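Protein chains: 2
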Amino acid sequence: MSPTSLFAQRAKPDDDTRTARRFTESASGDGAFMTASQCLAWLDAHREQWSYSVERVPLQELDGWYFAMDTGNLAHRSGRFFTIEGLRVNLSPARTTAWHQPIIVQREIGILGILVKEFDGVLHCLMQAKMEPGNSNLVQLSPTVQATRSNYTRVHQGAAIPYLEYFTAPRETTVLVDSLQSEQAGWFLHKRNRNIVVETTEDVELRDGFCWLTLKQIHELLRLDDVVNMDARTVLSIMPFAPPSAPPRATADDAYTEALRRSLDPQAPALHSLSDVLSWITESKARYELTQRLIPLLDTADWHRDGDRIAHREGEYFSIVGVDIQAGNREVGTWMQPLLLPAAPGLLVLLTRRINGVLHVLLQTRPAAGALDIVEVGPTVHCTPHTYRQLDPDERPRYLDYALGAAEDRVRYQARLSEEGGRFLNADNSYRIIEVDDDFPLELPDGHLWLTAHQLMTLQQFGNFLNVEARTLLACLHTLW
Amino acid sequence: MSPTSLFAQRAKPDDDTRTARRFTESASGDGAFMTASQCLAWLDAHREQWSYSVERVPLQELDGWYFAMDTGNLAHRSGRFFTIEGLRVNLSPARTTAWHQPIIVQREIGILGILVKEFDGVLHCLMQAKMEPGNSNLVQLSPTVQATRSNYTRVHQGAAIPYLEYFTAPRETTVLVDSLQSEQAGWFLHKRNRNIVVETTEDVELRDGFCWLTLKQIHELLRLDDVVNMDARTVLSIMPFAPPSAPPRATADDAYTEALRRSLDPQAPALHSLSDVLSWITESKARYELTQRLIPLLDTADWHRDGDRIAHREGEYFSIVGVDIQAGNREVGTWMQPLLLPAAPGLLVLLTRRINGVLHVLLQTRPAAGALDIVEVGPTVHCTPHTYRQLDPDERPRYLDYALGAAEDRVRYQARLSEEGGRFLNADNSYRIIEVDDDFPLELPDGHLWLTAHQLMTLQQFGNFLNVEARTLLACLHTLW
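Quick note, the sequences are listed as chains A and B, same order.
Counted the way the working numbering counts, the first sequence spans residues 74 to 554.
Counted the way the working numbering counts, the second sequence spans residues 74 to 554.
None of these hints come from the bench; they were simulated from the model.
As the structure is a computational prediction, the values presented were derived from the model and not from experiment.
Cβ atoms here follow ideal geometry from the backbone N, Cα and C, with glycine treated the same way.
Watch out, some of these pointers could steer you wrong.
[Stated by the list, open to error] Here chain A is said to cover these stretches of chain B; the calculated rule only asks that three of the stretch's residues, wherever they fall, bring their Cβ under 8 Å from a Cβ of chain A:
1) 174-187
2) 241-253
3) 347-355
4) 531-540
Work out the full structure: start from the sequences and follow the hints.
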């Protein structure tokens with residue numbers, strides 16, 4: 074075979090552009106199988122059919138889990154899944170420069186994958202009705218596959234994971250997008266998952282608990298509280314989109330949505346070049362020095378453990394609690410595990426602004442205790458407001474009060490969404506996208522920058538730049554055009 | 074100020090393209106101040122003028138350094154610079170799955186920066202004649218600034234670092250490229266430096282030991298043994314280039330250099346799309362599980378320490394030795410420090426091939442003990458041949474024998490280049506770029522892929538993908554057009 078024929082065999086010259094165009098078509102395509110409201114009913118039916126139950130139990134009564142004698146770390150007897158250990162953090166320069174905390178350690182890289190296939194010429198996503206014990210409504214819409222390496226190497230001897238073979242090499246599917254993305258770096262040490270979308274042109278057997286939806290339908294569901302789970306949102310966030318054509322009828326939101334559509338365009342004039350964006354991130358990483366050392370959980374100052382839970386002495390931040398799960402159709406029908414219970418809900422806000430007719434979003438670089446690479450790019454506001462309840466306004470996080478005071482008609486997106494229900498209990502956060510007023514201050518504090526949607530999509534392609542909350546908001550932003 | 078005027082003030086719509094074009098012009102521009110051979114003479118004069126001396130001393134006699142009582146770790150009394158600690162590595166799946174080794178720990182992110190300025194319309198780089206104790210010829214051409222955070226926060230109370238103010242915020246220069254890049258992950262734990270090129274339009278005072286060179290001149294010097302140091306090479310490797318126009322006169326190498334010029338073009342047909350390239354890296358990261366735990370240096374199995382050095386019991390890999398440095402013009406005139414002494418030289422080879430008229434280079438993903446993110450992208454061959462001297466051919470690294478047996482006329486680039494002389498002693502490696510024969514096997518082993526030069530430049534823009542040896546070879550590749 075000559076190099077030329079090798080090239081002809083494999084070359085896909087404009088594949089990346091074509092992928093973006095096909096996702097965009099799916100985002101305006103009606104589904105071939107069910108409507109979004111039928112999907113909601115289907116999720117409800119699933120929830121009722123299996124009568125899941127999740128009950129709190131003391132940590133010391135968790136089957137399969139134990140506290141190590143020497144360190145006090147909480148671990149599974151198989152040595153797999155995850156552990157709760159202690160972390161000593163030194164961060165400089167910053168107001169709070171050193172602290173101890175418990176942290177979830179899960180070194181293995183799992184798979185969050187969506188299988189897509191064309192029906193009637195439109196890409197559909199194979200989505201799952203999945204129970205996660207930490208979700209307040211238990212069953213939410215999740216990716217086709219959501220598997221830790223422990224899951225898919227069958228450590229817990231459960232049933233095989235449906236559709237896993239479409240995602241693991243050697244595969245017969247085509248990879249459309251594929252990147253490593255981090256998860257909550259305040260709670261996990263260096264945790265990432267492989268976010269991947271693969272396409273098949275073969276017939277796919279539709280198993281119980283799965284359905285095919287277009288991106289338009291998933292976007293409708295993402296505008297509702299507690300329907301699309303975090304794992305689905307992060308996979309949605311790595312999908313590139315091309316600028317869609319304008320809708321046939323004018324609406325009141327024309328200027329905003331038109332600016333958003335233009336923001337998807339690689340050619341749209343951005344306030345900053347891509348080099349400037351990357352330099353902004355590099356500068357932030359060079360500014361901080363972050364030292365992370367795992368320590369025995371027993372040695373974490375200000376945290377205490379009894380047989381029931383692990384908690385901060387003032388009840389702040391979060392605690393680690395145990396749950397007993399009964400479920401009919403998971404890989405294992407019943408199990409117990411620890412979960413991280415946040416002390417209060419978080420608020421995640423993306424401020425947005427039209428600049429020269431192109432929508433820009435305001436992001437910040439923020440260091441985090443468990444970050445793999447010092448800082449990540451987060452939403453404009455990323456905090457737990459409860460933590461700051463007694464502070465003076467000028468000590469509260471930048472833009473928090475602005476976001477809380479925004480007029481209702483400036484709030485373009487608002488929903489309560491839960492974080493990963495396999496690790497966190499009732500981690501229900503409020504997500505908002507707000508259009509700023511015209512008199513919004515132009516001078517930005519250090520570490521903040523206005524980016525276009527296309528620039529965010531570019532960062533997403535390379536992975537490990539946006540934190541999971543910013544990625545959720547990017548997925549939500551795509552529901553607005 | 075309206076958003077529009079904000080935009081007008083800051084927007085630089087085609088800056089990234091313009092930067093690539095300006096670097097390309099500098100790579101074909103004669104210098105305004107000295108020729109390449111005059112620069113060589115200037116380096117020699119610098120070497121003679123200051124009569125540097127570097128002598129080996131036992132580790133226990135290093136002024137300012139001590140072995141910690143409890144761990145045996147080697148550290149500086151100031152608590153800064155770097156430490157030599159123990160590392161326990163678990164890597165799966167891999168042939169050797171677990172080992173201990175000493176590792177250099179240097180958490181701070183330093184700056185490797187080149188200041189550029191136009192003279193006669195052509196960008197010139199401000200380069201330095203810099204002594205590093207580990208370089209066999211001591212003085213080499215280095216970036217404008219090469220500073221650890223300890224250096225630039227003045228831990229050792231030396232003189233201020235010349236030109237540092239052009240690189241640190243708030244700066245009055247324009248940042249052209251700026252990314253974090255790793256260094257030898259077999260010897261350093263999670264080490265990265267900020268690689269940055271900034272431009273000034275102001276007058277710059279030319280200090281003793283500095284000179285202005287175009288990229289064409291630096292490329293000429295990079296074709297010679299031991300002239301351009303590692304820090305300069307890695308900064309050169311982040312510079313983007315646009316396809317240059319063909320030279321006026323035909324040469325014997327036309328087909329190869331024309332394919333290389335086309336390989337710089339974002340529009341040139343590549344064997345794989347950028348998504349495929351990124352998926353290849355993601356897949357490699359997901360394939361391995363790498364656990365790194367710092368342990369006391371005293372506990373590293375198979376390694377021993379006496380007052381003289383730290384070494385492997387069979388004399389393999391490397392040792393840690395001490396040196397006493399006398400120098401006239403460094404920030405501090407005299408000091409002692411540990412250096413890592415490799416047991417044998419390394420061989421770094423890039424195999425290249427024309428595919429449909431576009432030059433492609435063969436890269437591999439490789440895990441490394443101290444990697445921040447499991448694997449990095451390295452050259453086709455990246456090894457210390459001495460380590461494999463007694464193994465059967467099929468146990469030796471893939472393509473090692475192919476590279477060693479390449480006909481002389483297929484070797485497009487060959488030079489002996491030293492690694493970072495501030496940390497490594499006599500780490501002289503052989504770097505080669507080879508054009509493969511037409512019958513080179515098309516089937517690649519797992520973890521290998523053909524990329525274009527433009528795809529490498531794209532990865533470089535985002536940082537943390539290519540290892541430092543691959544970056545050196547990318548810089549060398551640019552000397553061939």
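For each hint, the structure was consulted:
no. : hint    : verdict
1   : 174-187 : holds (count 4)
2   : 241-253 : holds (count 7)
3   : 347-355 : holds (count 6)
4   : 531-540 : holds (count 4)
In summary, the structure agrees with every hint in the numbered list given earlier.
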